[in-house]
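**Q** All chains, please: the whole structure from these sequences, using the hints.
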Amino acid sequence: MAEEKKQEFWRWTESNWKNPDIKWEDAKIVTAGIDVGSVSSQATVMTDGKIYAYSNMRTGSDSPDSARNALNYALEGTNMPESRIDYCIGTGYGRVNVPMADRSITEIACHARGAHFIYGPDVRTVLDVGGQDCKAIRCDEKGKVVNFLMNDKCAAGTGRGMEVFSDLLSVPIVDVGERSFQIKEEPEPVSSTCVVYAKTEATGLLRKGWEVNEVLAAYCSAMAERIFSLIERIGIEKGFAITGGMAKNKGVIDRMMKIIDLEAMKTDWDTQIAGAVGAALFGYALVQKGRKK
Amino acid sequence: MIANYGYKDGSGDYFIAIDTDKCDGCGKCVEACPAGVFEVVDEDPNDPFREEPLIIVVVDKRKKIKYECGPCKPPTNRPPLPCIEACPQDVISHSW
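Here the protein sequences line up with chains A and B, keeping their order.
For the first sequence, position 117 (counting from the first letter as 1) is numbered 117 according to the working numbering, and the numbering increases by one without interruption.
For the second sequence, position 11 (counting from the first letter as 1) is numbered 11 according to the working numbering, and the numbering increases by one without interruption.
If you are wondering where the hints come from, they were derived from the structure by calculation, not from laboratory data.
Don't be surprised by glycine CBs; every beta carbon is placed ideally from N, CA and C.
Hints should not be assumed to be uniformly reliable.
Said to hold, decoys possible - Taking beta-carbon pairs under 7 Å as the criterion, some of the chain B residues facing chain A (in silico):
#1 I2
#2 Y7
#3 A35
#4 P48
To be verified - Stretch by stretch, here's where chain A covers chain B in the computed footprint (C-beta under 8 Å, at least three residues):
#5 8-21
#6 50-60
**A** Spelled out as structure tokens, the structure:
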């Protein structure tokens, strides 16, 4: 029997980074934020409120392990012992299962704070499209939440939905955005973004004679509409920042921004680390206030 | 802060909005709600720097509030909702 070979098209690359300009030995306060999400986990280490190192990995079946792996990966090659971290905060779905965390804070607060940091103080609306949920947050000039909404009941319009779709169509997840624009004419959005019915939807269209890129375009635009309907509820203000993995998919984001009729803010940071950055910043603020709990 | 708890799915939008700036955690809605949708907590889970008590929607109820709130929302002749009636500060609102 021929050996079955299956490529995993949804697989995105894990990464870590450290700031070569910072010497952690000189830092007064070192804090860490660990965001254990449903699909990906991030750890960010901050020295005196500046990002020193971070990592971005897939979440395993075990939250404590995922948290530890993420932190170890972030600290890789830095020579910093874990004991140097003054305060560590856990966030995300697995936040109560982060063994080294001094306390946990919800991802809503952390994402607003993190987006405010990586995108700058002009941020007023934060959209986080994560692995299995979608959060829309409005914040003030200090990064404090003023209005939020989270949808985590339905996976339609989330990162995981896109992963499933890229696998079904055998298109690497990083190419989805680009390829969804390689079409002659913008197709009608698919009728349902439901992840369970994704296969029916995709094969149906392919059988009708659609090209793969057209199917991608139809799915991306359905997702854009779906996400837009959520943020509409909290109101959209200028200073629109997108965090989470979906921010890297321009097929969805460009179509959504067209509906919103705004320009999305830009950042050089990895958009997936926003939650962990926010957590580390809260840690920094709490240490400064001397309010260790 | 307006905290929207609930969800959106194929059948509609189901959110309970809580205005945390007005809420003092008196707990009258907790007593009034027949389904136990609300609870008083000591600090805002979404604002680590706020330490006054306030209400939140119980975590386990968030993904089924359409059904939890169903009995108070008959399709015709809907009476005022007990949670909204009970609140002296006008904190709670429903999206559906």
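**Q** If any of the earlier hints don't hold here, list their numbers in rising order.
**A** Numbers 3, 6, in rising order.
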